[in-house]
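Since chain A is already given, all that's left is putting chains B, C, D, E, F and G on it; use the hints.
As given, the protein sequences belong to chains A, B, C, D, E, F and G, one line each in that order.
Residues in the first sequence are numbered consecutively from 1, following this note's numbering.
Residues in the second sequence are numbered consecutively from 101, following this note's numbering.
Residues in the third sequence are numbered consecutively from 201, following this note's numbering.
Residues in the fourth sequence are numbered consecutively from 301, following this note's numbering.
Residues in the fifth sequence are numbered consecutively from 401, following this note's numbering.
Residues in the sixth sequence are numbered consecutively from 501, following this note's numbering.
Residues in the seventh sequence are numbered consecutively from 601, following this note's numbering.
Derived by calculation from the structure, the hints in this document are not laboratory data.
Fair warning: this is a prediction, and the values are worked out from it, not measured in the lab.
All residues carry an ideal CB built from backbone N, CA and C; glycine is no exception.
Heads up, some of the hints might be wrong.
In silico negatives: residues of chain F with every beta carbon more than 10 Å from chain B [to be verified]:
| hint | residue |
| --- | --- |
| 1 | PRO503 |
| 2 | PRO518 |
| 3 | ASP528 |
| 4 | LEU542 |
| 5 | VAL546 |
| 6 | ASP561 |
| 7 | ALA562 |
| 8 | GLU564 |
| 9 | VAL574 |
| 10 | GLN594 |
Quick list of in silico lysine-lysine cross-link-like pairs, BS3-like style, CA-CA up to 30 Å [stated by the list, open to error]:
| hint | chain 1 | residue 1 | chain 2 | residue 2 |
| --- | --- | --- | --- | --- |
| 11 | G | LYS644 | E | LYS445 |
| 12 | B | LYS145 | C | LYS244 |
| 13 | G | LYS645 | F | LYS545 |
| 14 | F | LYS544 | G | LYS645 |
| 15 | C | LYS245 | D | LYS344 |
| 16 | G | LYS644 | F | LYS544 |
Single-letter residue listing:
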Amino acid sequence: MAPVRRLVVDVLKPHEPPLVEFTRQLSDVESVDGVTSSLIELDKKVQNVKLSIEGESVEFDAVEETVEGLGATVHSVDEVACGEQVVEVRRTPQD
Amino acid sequence: MAPVRRLVVDVLKPHEPPLVEFTRQLSDVESVDGVTSSLIELDKKVQNVKLSIEGESVEFDAVEETVEGLGATVHSVDEVACGEQVVEVRRTPQD
Amino acid sequence: MAPVRRLVVDVLKPHEPPLVEFTRQLSDVESVDGVTSSLIELDKKVQNVKLSIEGESVEFDAVEETVEGLGATVHSVDEVACGEQVVEVRRTPQD
Amino acid sequence: MAPVRRLVVDVLKPHEPPLVEFTRQLSDVESVDGVTSSLIELDKKVQNVKLSIEGESVEFDAVEETVEGLGATVHSVDEVACGEQVVEVRRTPQD
Amino acid sequence: MAPVRRLVVDVLKPHEPPLVEFTRQLSDVESVDGVTSSLIELDKKVQNVKLSIEGESVEFDAVEETVEGLGATVHSVDEVACGEQVVEVRRTPQD
Amino acid sequence: MAPVRRLVVDVLKPHEPPLVEFTRQLSDVESVDGVTSSLIELDKKVQNVKLSIEGESVEFDAVEETVEGLGATVHSVDEVACGEQVVEVRRTPQD
Amino acid sequence: MAPVRRLVVDVLKPHEPPLVEFTRQLSDVESVDGVTSSLIELDKKVQNVKLSIEGESVEFDAVEETVEGLGATVHSVDEVACGEQVVEVRRTPQD
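Bound-form chain A, shown alone (with noise of 0.2 Å):
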C-alpha cells in the first residue's frame, strides 16, 4: 500500500516526560525521520501538542503505541500525506 510521508497528530500528555523528551522518543520511531512537537496549551495536568511527524514510510500504529507506551493519547490525526509525492494543500474559496 501507498506510504504514509507526512503526519499531523494532536496528542494529549502528562508532563512527565517532559515534550524534549517525549519527541526524542517519538523520533527513535524506527519509520520517523522527523518529528517537531509544537505546544498547543497547557494546564496543571496535561499539555496539548501538535505532532508534525514525516517519513519514508511512516507507521502511524508504532507512533501511536510509542504515544501511549509515553502516557500520552492521540486525540485526533489531523492530516495524512501519502504515495509517492507530497501534496501540499493550498486554500479553495470553500475553506
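Below, chains B, C, D, E, F and G alone, put in the same frame as chain A:
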C-alpha cells in the same frame, strides 16, 4: 481529453476506516500519485475531510468509486486543474 | 494583436456536466494549455465557478463558445494578461 | 530621461470594447511588453479597471492616448517605477 | 561614510508635474538607480506619495533638492538602509 | 537517541545580564550553533524572552542549566524538532 | 564568546541629526556591515526608530556609544541573534 492534474474534493466519511487507512487506500488508486487528507470537522458519527489529490492524469471516477467503497461520500468537488500545465489560482479584486 | 496569456473568468454553470467534465472540456480548447476551476458557491440550480486559464495565445471567443456550449454563461471577465510577458499584479496603497 | 519600467493606472471604461479586446489593444502600444487588467468594480455603464503595465521604456502618453481612443479615461496613476532597476515597494511602520 | 543604499521618503507634491514626470526626474538624480512612486492619497491640491529609492550610494541632499525643485516637499524620511549590505527589516514581537 | 535540532523556549529573566550578554552566553553552550532571543514583554523586574535555538544535537539540559546559571527560568518549552530532518510545521484546518 | 550577528534595537532620538545622517554614522561603527532605520513614530521633540543591524560580529557597546554620542538613547533591545548561524524566528501556537 485533457488530463486532470489536481483535484480538491470535500468528503464525508464515517470514523471507520480511520483517516490514515482511508488516505492510503485512496493513494493506491492507479492514476493517483499523492493524496493529502485534511480533517475539517468531526462529530460523533462522521468526519468532514478535504482531499488534495495529484497525478499525471487522475481518474475522478476511480477516486469516487474508492471513496464510496470505503463507506464515504463526495460532498463537493472544490477545485479541478486540467491540461498540460497546472494553472495556479491567484486572488483578484473580485474575490 | 498581442496574445492573451492568462484569463480569469467568472462563470455560472448548471450542475451538469459536473465540474471535472466541464474543466476537461475547457482545457481541450485548442489555444488553452491549462485550466483550474474553483468552486465559489453552489445552490440547487447553479454553480458559480472561477476559471483561471493559461496559454501562449488564449482565444477568448473559443473559450466563451465552449462555456456556452456546455450550458453555462460568462458572468464577468475578472482579469486579462496580454503581451510578451505576463505582468504580475501587486497591491498598491490605492487597493 | 530615465525610462518608465512599470506603471499602475486606474481607468474608467465603458463596457465596449470588452476587457479582453481593451487589454490587447493596450499591449499593442509599441513601448509596452505586457499588460494585466484587473476588474475592480462594474455598474451598468462603466467598468473600473486597474492596469499593471510593464516594458523596457513605457511611454505613458501613448498609453493614455490609446486608453482615450478606446473611450475610456485615466482616473489616476497609482504607481510608477523608473530607472535602471525596478525598486520593489515594501511596507514600513508608517504605512 | 557608509553609503545609503535604500531610502523611503514621504512626499507632498502638487498635481503638476504629474507622477510619471515627477518620478522620471527623480530617477535622473545621478546617485539614483531606481525610484518607485506610490500614490497614498490625493485631494484637490496635493498628492501624498511614498518614494522608494535605491542606488549604490544615494545622495539624499540631491534627492531632496530635486523634490523641492519640482515644487514638492519631503514630509518625512521613513526608512534608511546604509552599509555594505542592505539589512532587511523583519517583524519582532515588539512591533 | 534522535538529536534535538531546534528548540523554542519561553524564558523569564531578570534585567541583568542584559539581553545581548544573555544571548551570547547561551550560544556558547557547546551543542548550540545559534540562538535568537526575541523580547516578548518587559516590566520593572523581569523580561519575558522567546529563545529560538538550533544545532546539530542541542542538549536541552545544558541550555536549561545555563539559563538558570544566568538567574533566569524556563517558563515553557514551546517547540522541539528532532531527527535526521527538521520537519516544518504548517497550518491545518484544525489550528 | 559567540559573535552577535543581528540586533534589533528600539531607539529614541532628537530630530537632529536627521535619520539619514544618524543611520550613516551608525553603519560606520567598525563591527557593523549594515543598518536599516525604520521610523516608528515622531512627535515635536523626538523620533522613535527601530534599528536593524547586521555584521559578522556586532559590538553592541560600540553601537550604544554611537547612539548616545548622537544624542539618542537605547530604549530596548528587541532581538539578538548570536552564533555560527543566524536562527530565524518562526511563529509557534504560543505566540
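Going down the list of hints, with the structure as the test:
no.: 1; hint: PRO503; verdict: holds, 27 Å
no.: 2; hint: PRO518; verdict: holds, 44 Å
no.: 3; hint: ASP528; verdict: holds, 42 Å
no.: 4; hint: LEU542; verdict: holds, 39 Å
no.: 5; hint: VAL546; verdict: holds, 39 Å
no.: 6; hint: ASP561; verdict: holds, 35 Å
no.: 7; hint: ALA562; verdict: holds, 37 Å
no.: 8; hint: GLU564; verdict: holds, 35 Å
no.: 9; hint: VAL574; verdict: holds, 32 Å
no.: 10; hint: GLN594; verdict: violated, 6 Å
no.: 11; hint: LYS644(G) <-> LYS445(E); verdict: holds, 26 Å
no.: 12; hint: LYS145(B) <-> LYS244(C); verdict: holds, 26 Å
no.: 13; hint: LYS645(G) <-> LYS545(F); verdict: holds, 29 Å
no.: 14; hint: LYS544(F) <-> LYS645(G); verdict: holds, 26 Å
no.: 15; hint: LYS245(C) <-> LYS344(D); verdict: holds, 26 Å
no.: 16; hint: LYS644(G) <-> LYS544(F); verdict: holds, 28 Å
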